[in-house]
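> Take the given structure of chain A and dock chains B, C and D with the ligands to it, following the hints.
Protein chains in written order, with the numbering used here: chain A, 143 to 736; chain B, 143 to 736; chain C, 2 to 327; chain D, 2 to 327.
Think of the hints as simulated: they come from the structure by calculation, not from any bench.
Being a predicted model, the structure only gives us computed values, none of them experimental.
Please note that a few of the clues may not be correct.
As the list claims (entries may be wrong) - No farther apart than 16 Å at their CA atoms in a straight line, the calculated lysine to aspartate or glutamate pairs in the EDC-like style are these:
hint, chain 1, residue 1, chain 2, residue 2
1, A, K265, A, D209
2, B, K220, B, E260
3, D, K180, D, E40
4, B, K613, B, D636
5, C, K180, C, D218
6, B, K290, B, D237
7, B, K606, B, D596
8, D, K10, D, E40
9, D, K144, D, D210
10, B, K318, C, D322
11, B, K220, A, E725
12, B, K290, B, E278
13, A, K606, B, E725
14, A, K220, A, D200
15, A, K318, D, D322
16, B, K676, B, D620
17, B, K318, B, D287
18, A, K246, C, E18
19, B, K606, A, E324
20, A, K220, B, D604
21, C, K220, C, D179
22, A, K290, A, E324
23, B, K246, D, D322
24, B, K265, B, D209
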Amino acid sequence: MAGDSGDGMQLAGSRFTDATAIFGNDLATLPDFPAEIRAPAGTVAGVSAFQIHFASRDILTPGDTPDVLVAMNPAALKANLPLLQRGATILVNEDAFSVRAVQKAGYAESPLEDGTLEGFTVKRIPMSSLTTRAVEDLDGVTSRDAQKAKNLFALGVLSWLYDRPTDVTERWITGKFDGPVEAANLAAFRAGWSFGETSELIDVQVKVDRNTEVLPGTYRNVNGTEATALGLIAASVKSGLPLVFGAYPITPASDLLHALARRHDMGVRTIQAEDEIAAASMALGAAFGGALGVTCTSGPGLDLKTETIGLAVMLELPLVIIDVQRAGPSTGMPTKTEQSDLLQALYGRHGESPLPVLAASSPGQCFEAVYEAARIAITYRTPVILLSDLFVANSSEPWRIPNAASLPPIDPHFRTTSTGAFLPYTRDDNLARPWAIPGTPGLQHRIGGLEKADGTGAISYDGKNHARMTKLRADKVDGIEVPDLEIHGEADADLLVLGWGSSYGTIRAGARRVREGGGRVATAHLRHLRPMPKNTGALLRKFDRVLVPEMNSGQLAHELRAQYLVNVESYGKVQGQPLLPSEMEQEIWRRLSS
Amino acid sequence: MAGDSGDGMQLAGSRFTDATAIFGNDLATLPDFPAEIRAPAGTVAGVSAFQIHFASRDILTPGDTPDVLVAMNPAALKANLPLLQRGATILVNEDAFSVRAVQKAGYAESPLEDGTLEGFTVKRIPMSSLTTRAVEDLDGVTSRDAQKAKNLFALGVLSWLYDRPTDVTERWITGKFDGPVEAANLAAFRAGWSFGETSELIDVQVKVDRNTEVLPGTYRNVNGTEATALGLIAASVKSGLPLVFGAYPITPASDLLHALARRHDMGVRTIQAEDEIAAASMALGAAFGGALGVTCTSGPGLDLKTETIGLAVMLELPLVIIDVQRAGPSTGMPTKTEQSDLLQALYGRHGESPLPVLAASSPGQCFEAVYEAARIAITYRTPVILLSDLFVANSSEPWRIPNAASLPPIDPHFRTTSTGAFLPYTRDDNLARPWAIPGTPGLQHRIGGLEKADGTGAISYDGKNHARMTKLRADKVDGIEVPDLEIHGEADADLLVLGWGSSYGTIRAGARRVREGGGRVATAHLRHLRPMPKNTGALLRKFDRVLVPEMNSGQLAHELRAQYLVNVESYGKVQGQPLLPSEMEQEIWRRLSS
Amino acid sequence: MAATEQLTKADFQSNQETRWCPGCGDYAVLAAVQSFFPELGIPPERIVFVSGIGCAGRFAYYMDTYGMHGIHGRGPALATGLASARDDLSIWVVTGDGDALSIGGNHLIHALRRNVPVKILLFNNQIYGLTKGQASPTSELGKVTKSTPFGSIDAPFNPLSLAIGAEATFVARTIDTDKQHLPAVLRAAAAHEGAALVEIYQNCPVFNDGAFDALRDKKRGEVNRIYLEHGEPIRGVVRDADGALRLGSGGAPVVHDAHREDPAFAFALSRLSSSPDGPTPIGIFRDVRRPVSGSDLTAELAAARAGADDAALDALMRSGDTWTIS
Amino acid sequence: MAATEQLTKADFQSNQETRWCPGCGDYAVLAAVQSFFPELGIPPERIVFVSGIGCAGRFAYYMDTYGMHGIHGRGPALATGLASARDDLSIWVVTGDGDALSIGGNHLIHALRRNVPVKILLFNNQIYGLTKGQASPTSELGKVTKSTPFGSIDAPFNPLSLAIGAEATFVARTIDTDKQHLPAVLRAAAAHEGAALVEIYQNCPVFNDGAFDALRDKKRGEVNRIYLEHGEPIRGVVRDADGALRLGSGGAPVVHDAHREDPAFAFALSRLSSSPDGPTPIGIFRDVRRPVSGSDLTAELAAARAGADDAALDALMRSGDTWTIS
Ligand SMILES: Cc1ncc(C[n+]2csc(CCOP(=O)(O)OP(=O)(O)O)c2C)c(N)n1
Ligand SMILES: Cc1ncc(C[n+]2csc(CCOP(=O)(O)OP(=O)(O)O)c2C)c(N)n1
Ligand code: SF4
Ligand code: SF4
Ligand SMILES: [Mg+2]
Ligand SMILES: [Mg+2]
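Looking at chain A on its own, in the form it has when it is part of the complex (with noise of 0.2 Å):
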């Protein structure tokens, strides 16, 4: 679904994915924003869309080239027409083909007159005039109120055209509006259904059969920023310890302070800083005092943020820091996907100064990394980077929502009395040091960022216990406990394709497509990127050859290279988007037919 961005299309998608979800079919989403606030009405810039994938099996991205799109205007034809393969149905809003509109598109013709769409399916509907004239005899409904509603028209074609249950966005109509506003878009809604049903343009409903293969349970649709609004607030309430977050505006990570701005009633703290710098060490100033201390930035802020995190580093407090990936160095493509922050977040500090990092591979697994990485910092006295994208934090999938009572606890483990002098770098099995907290009687301590001795946490400029502390601080993060890395598919493929990050999906889905078509390839992916599973090395070594695809230019190959001594070959894009899984698909076959 495309359109202007002031047309309303990401809201038109998210009421369809929330009807398919319901319905029972998997789903996969990716909203397309343009990258201006406001960019001119009818350009191809002003573009926004909204694409989902949903089928009756298992569903790992939002798909590669869509099946049908809806145009809602010249620009956004345009601005798609590249995405569909011949063949694919395009349903265009033809009121909105005006002359002016089509020249304001860069089109010097109608793409709809000179032959652009042959080998398409086109229908066009009048969208602009039907929902108008469905909306006009309502009571206090403006002409503006009927232009707005024109999505609804759309939405409800699409919801006949794939049979979706009309209740479900009845019933948020009436929640979300009120009075003319509501009446207009119930109407535009229902016409747009009846418009499918009754008219002859759209010959062919399609039926996509529930899902049967899924898990039971209760779900729902969330995005990636939503699971890890919720991922943190679990991990404050099972820990016990008061989330704050101290953030600084930056697309795309802001929707998440949005997120858990509104969170008073689960106790949660944000803290908009005066920049990144801040917001970190707001975090890490609340952590010293016993909260949950957690920070999220995208690339810019992350290297402001470089200092504090050494400093957490060598406090040896917990601090959870969440990356949200976009593209480019510098301000680059701000609302563009990539995943070139690895090497950064593993290295990009002065001084040895390792941390554990974390990479979200799903919207719903981002509830479980970031709580994952909670569990990691509190336990482990550490700073944990965890590693999300634009591409996992706005798109969307159903979410099996887990059982409060059933998510592993996480035991802040304050230190609150000592037989004999206090000492602050004592360490326990898992080489973490005692959180001794403000207020705890007798326990009182100072920590900085210069060289402590090694128990007493003093300052110590001596070169033996200097090479000692380097030696315990990283043993320390790389004996976390990290599950194995699982294979899935023959152990003896003849290729294993290995990621991590937001492109699990994209690879499971290009693997199996090849093993539909008889391929041997195996698939496996990285959740920890420090430390890597004990089992990485061997399993690597089992394969005569190892794919490893990312959105960068060969980050995480470089670095099973210098670790394991593996020749795996690097896949790398650095588009701005998504891999894909015909991509993959594509990409494997070469590996295999070579």
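Below, chains B, C and D with the ligands alone, put in the same frame as chain A:
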């Protein structure tokens, strides 16, 4: 030479160094300051020491175990005794061994009496009282002046012991001081010399012959900081670009700011910025205006410059960033040395943001290294990181002064005209883009941190373009011509020792000793860390074993493994101290014999 | 290239398509600036616009001068570096309330205290525009935004008070849509020798519409705008018995003195309105002379550089104790 | 642990050896603080000292309270985070003129505008001590230091003017060696509900000896110290005909009012001396009440947290449209 921080040991040390150099010995020095500005007088924490190693042959390091220690008080003895081997000579200022002073140093009894110094040749000299006696009759000399002059007495003794020329030192004293202080210092120095000559305490005068192997030329002593300052000024003169140096004070990088701030006579503009972010930004802003923009810092400051360096990558403007590495993560041990920012220099920025990285290998070589860094920055329009460290910055060695005329040319090659519209992101053979500076009519253009279209430099969110630009930026850096790696020693030796940065001399010295002992070892030294010399991989593979010693936990080793899939062995030392020749010798033998 | 005398608005319009939301106050400022610049008589190639990140930051792309779209908040630092290398340029910084006062607050106050010769245009829309609507350091207490769904709990800065507290030598305020007043203020800023801070009340119709209606509206503006003119009595401002400035009648009118050395007067003026929804002073609050950071130095260094040839370099390298081995 | 009533100076002395230079003003401040703290009646475990980097920053190690020696300039940000998590602590920030006003300037002004409940002690020695003698943002024009061998060309900040411009609610100045005045100011700062900025003139005998002699010297100090006492006339300060404050005689003496809502008065007082080598006001310039950042919120969130159990979490996760597959 070791004493209290107020005792003037650094001054005495550098005077001895100059006399030694002018005499024609080769040498290397290492000062060791206390961490506090003024630690309590008389304590071990307050000891300031200066180590010098000189000989008639090629000197590569400040040495490991000194042959002679001058201890001005008990604390100085206590701090430095562990460095000595039995048999070494110790000259002590006997007057300073009062009961109180002995206790303050943490000795239960006087080490002069209780057998602590058994096995050493100890010379007890009442330096304080002899100095007082030598100066007390001079007009206007206070007893405080007398106390302060005892370092020159000690210098006199040492100068006699090693038969250093006295005129150099005397000339320096008269040039530096006036009035009673001048008189007192001269008298103290001469008294020390005479004491050596006449006293029976010191029985052997040591003669170290002039070094006859050195290349002809004019020499002076420089420490790494001075050589870096000269190199930057040379780059400014040879390129014709004004030098704008933005910095924020930080140990041990501040000295470069101090050195350059004095150079108004060479047109150098230094700015003490409000923080490191501003320092880097000011240098970059100046570069936009056509200056040679340089910024210098140490670890914590490098963290803060991260985002600005990323902007420079995107703007493709020249910028030289000097990182004088110090020990530890976070604040760490600011007065100790380390090489642990290598991976940060290579990868510590978000997104794919490649840039050239160089390292300085000796105090004198800092000149060449920074000159080369500036040349690359200007020629290729790119930020360049030069890694120095506290050890190389503070230690000194004789430096063969180059002729200005013979320095490699640096041509900024400003773009001054354009046929047709000016395209700021077109490229020359080096893939460098045109540098058109404000004031040039007709070439107005705008650059920024957003991804830009190949050629025009306009903002672009196009995925393919982003991939192309990402590759172009990497290719530009990796295409920089760097000299091949040279092997020192036999090409078919049993072991190659590969180092980088300031351990150059130590590795050479250790390997020389092994070779003198019949071991078959070769060495090589990396001065370019990105791109590495083209022959690096081939060379590594030629040797059965490769040892990579570093003052970190194995960062270069990691990188070599990733790039060349060679199983190099890492020897990491993280003690805030330089590697020692003896340590290298031992490590090499250990490998050769296993 | 148009010769200096014939410069027109078109000479300052770049070929980049403007990408602000329809109705954004930034358009009005851009048009006013482009119309005003020919008057300065400075050829476009000697003008540089440096900006940070934000909607306002895009400004640099639309001026057909040299331009540098930096990173968030660092505009004043980039500009300081540029000014230190070049004293022959006219350097303008464009920044937003978040860019200048949140992440960039430190660079702003330091540029002002150093009196760096740059003109800083602070587009204050009391909101984060580019990141789609979070509170900024000028957002009023209680403001509901995406990041403050229960209302902001942080007291806002008064940008002019902050600047005056930071030793600024030129401080002014104007309004995006005022086609007369805005250029007049820019004219004075350009004429000022050191750092100039110009706050521009700028409407963001998308995320904070109407924030300045009390001044922008023709009718309400007539009532609420208190124009500051040097040497003229300030309408509606009187002195209390204890010497404090306040709004109202019943007291001798206060005569404006923008050149007063002591910044306390300008500071008191800046406190007359805590937010732009009532009577608010507009114009030049303060305009005093103080040595411009490095202005002599730049000339001195340029002269030194002229003599810094190979011979001078050789001499420098050979200074101190040297010895020769042949 | 000593019971609250019996606290003594010794309860606040940590076992770390002090490592400042002999004669450093920091010793005097430390002694005064350690002597004063028992009076607060707060047990040491509920007190936290947060500091940045610098000689002053070492302060945190010497107090036997909880302490966090942070990174350069970030003390106010660390403290803000701590205060947001805990409203049962007494939080003090120790910072130097470089730490607070150079690298940390932004955090300082934001902590002040937010009125975070932390007490900030700014040890102003007008120099960088720990890095061995470079100019700081309070170093006077023309000052020769290692980084400014030809004299500083940057006008200094007046820390109090800056703080007042940043909406500070409590602003005071005192002197390291004044054993009466320093605790009196700390007492008022502790009693203040929001953010308090206390500038302490601190002598650095090694790199900037004598900078405050005009006030520290017994004899010169008697002449030069202008004590500010709320409700009392301010010695030597009069009002000009045009309402401005100035030093001198010939005019009605001005009565100090630290509680005046309008900061213009405190600002004017801060301008009476531009550097501490002549008559200089000492004491509490401004002490007004304004809602403390998040003070209600902290209690509200604590209450919410008490109810945030597994059931609440389950309900939250299950909110919105869900469906069940069995
Ligand atoms: C280091 C960094 N942090 C955050 C951002 C995201 N960001 C871009 S603009 C902006 C604030 C914009 O507000 P303002 O300065 O008021 O400008 P406006 O858009 O309102 O004109 C932010 C937070 C960024 N680009 N870089
Ligand atoms: C990021 C960073 N930059 C620079 C430094 C070096 N540094 C340490 S303290 C200091 C300034 C000290 O001056 P001030 O704050 O006035 O404290 P003082 O030592 O005078 O008490 C500097 C520049 C650092 N530690 N970290
Ligand atoms: S978001 Fe606001 S400030 Fe930004 S362009 Fe749109 S209207 Fe203008
Ligand atoms: S350098 Fe100055 S401020 Fe620092 S400890 Fe020494 S005397 Fe005190
Ligand atoms: Mg704004
Ligand atoms: Mg200081």
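> Each of the hints needs a verdict: does it hold here or not?
Here is how each hint holds up against the structure:
Straight-line distance between C-alpha atoms of K265 of chain A and D209 of chain A comes to about 13 Å, which keeps the hinted pair within the 16 Å bound. Between the alpha carbons of K220 of chain B and E260 of chain B the distance comes to roughly 14 Å, so the proposed pair stays at or under 16 Å and holds. Taking the CA atoms of K180 of chain D and E40 of chain D, the gap is near 14 Å; set against the 16 Å cutoff, the hint holds. Between the alpha carbons of K613 of chain B and D636 of chain B the distance comes to roughly 39 Å, so the proposed pair goes past 16 Å and is violated.
Simply put, K180 of chain C and D218 of chain C have alpha-carbon atoms about 14 Å apart, close enough for the 16 Å limit, and the pair holds. Among the hinted pairs, K290 of chain B with D237 of chain B is consistent with the structure: their alpha-carbon atoms are about 14 Å apart, no more than 16 Å. The hinted pair formed by K606 of chain B and D596 of chain B meets the criterion: a straight-line CA distance of about 10 Å does not exceed 16 Å. At most 16 Å may separate the alpha-carbon atoms for a hinted pair to count; K10 of chain D and E40 of chain D meet this at roughly 9 Å.
Among the hinted pairs, K144 of chain D with D210 of chain D is consistent with the structure: their alpha-carbon atoms are about 13 Å apart, no more than 16 Å. For the hint pairing K318 of chain B with D322 of chain C, the CA-to-CA distance comes to about 13 Å; that is within 16 Å, so the pair holds. With a C-alpha separation of about 68 Å, the suggested pair K220 of chain B and E725 of chain A falls outside the 16 Å cut-off, and the hint is violated. Restraint check for K290 of chain B and E278 of chain B: satisfied, since their Cα atoms lie roughly 13 Å apart, inside the 16 Å limit.
For the hint linking K606 of chain A to E725 of chain B, the alpha-carbon distance of about 15 Å falls within 16 Å, and the restraint holds. Our distance criterion of 16 Å between C-alpha atoms is broken by K220 of chain A and D200 of chain A, whose separation comes to about 31 Å. Distance check on the hinted pair: K318 of chain A and D322 of chain D sit about 13 Å apart at the alpha-carbon level, within 16 Å; holds. Note on K676 of chain B and D620 of chain B: the hinted pairing holds, with a Cα-Cα distance of about 10 Å set against a maximum of 16 Å.
Under the criterion of a C-alpha separation no larger than 16 Å, the hint pairing K318 of chain B with D287 of chain B is consistent with the structure, at around 15 Å. For the hint pairing K246 of chain A with E18 of chain C, the CA-to-CA distance comes to about 13 Å; that is within 16 Å, so the pair holds. For the given pair, K606 of chain B sits about 43 Å from E324 of chain A by alpha-carbon distance, which is inconsistent with the 16 Å threshold. Pair hint K220 of chain A plus D604 of chain B holds up; C-alpha atoms about 14 Å apart against a cutoff of 16 Å.
Distance check on the hinted pair: K220 of chain C and D179 of chain C sit about 13 Å apart at the alpha-carbon level, within 16 Å; holds. Between K290 of chain A and E324 of chain A the CA atoms are separated by roughly 12 Å; this keeps the pair inside 16 Å, and the hint holds. As the CA atoms of K246 of chain B and D322 of chain D are separated by approximately 74 Å, the hinted pair breaks the 16 Å bound. Our distance criterion of 16 Å between C-alpha atoms is met by K265 of chain B and D209 of chain B, whose separation comes to about 13 Å.
The structure fails to meet hints 4, 11, 14, 19 and 23 from the earlier list, while all remaining hints are met.
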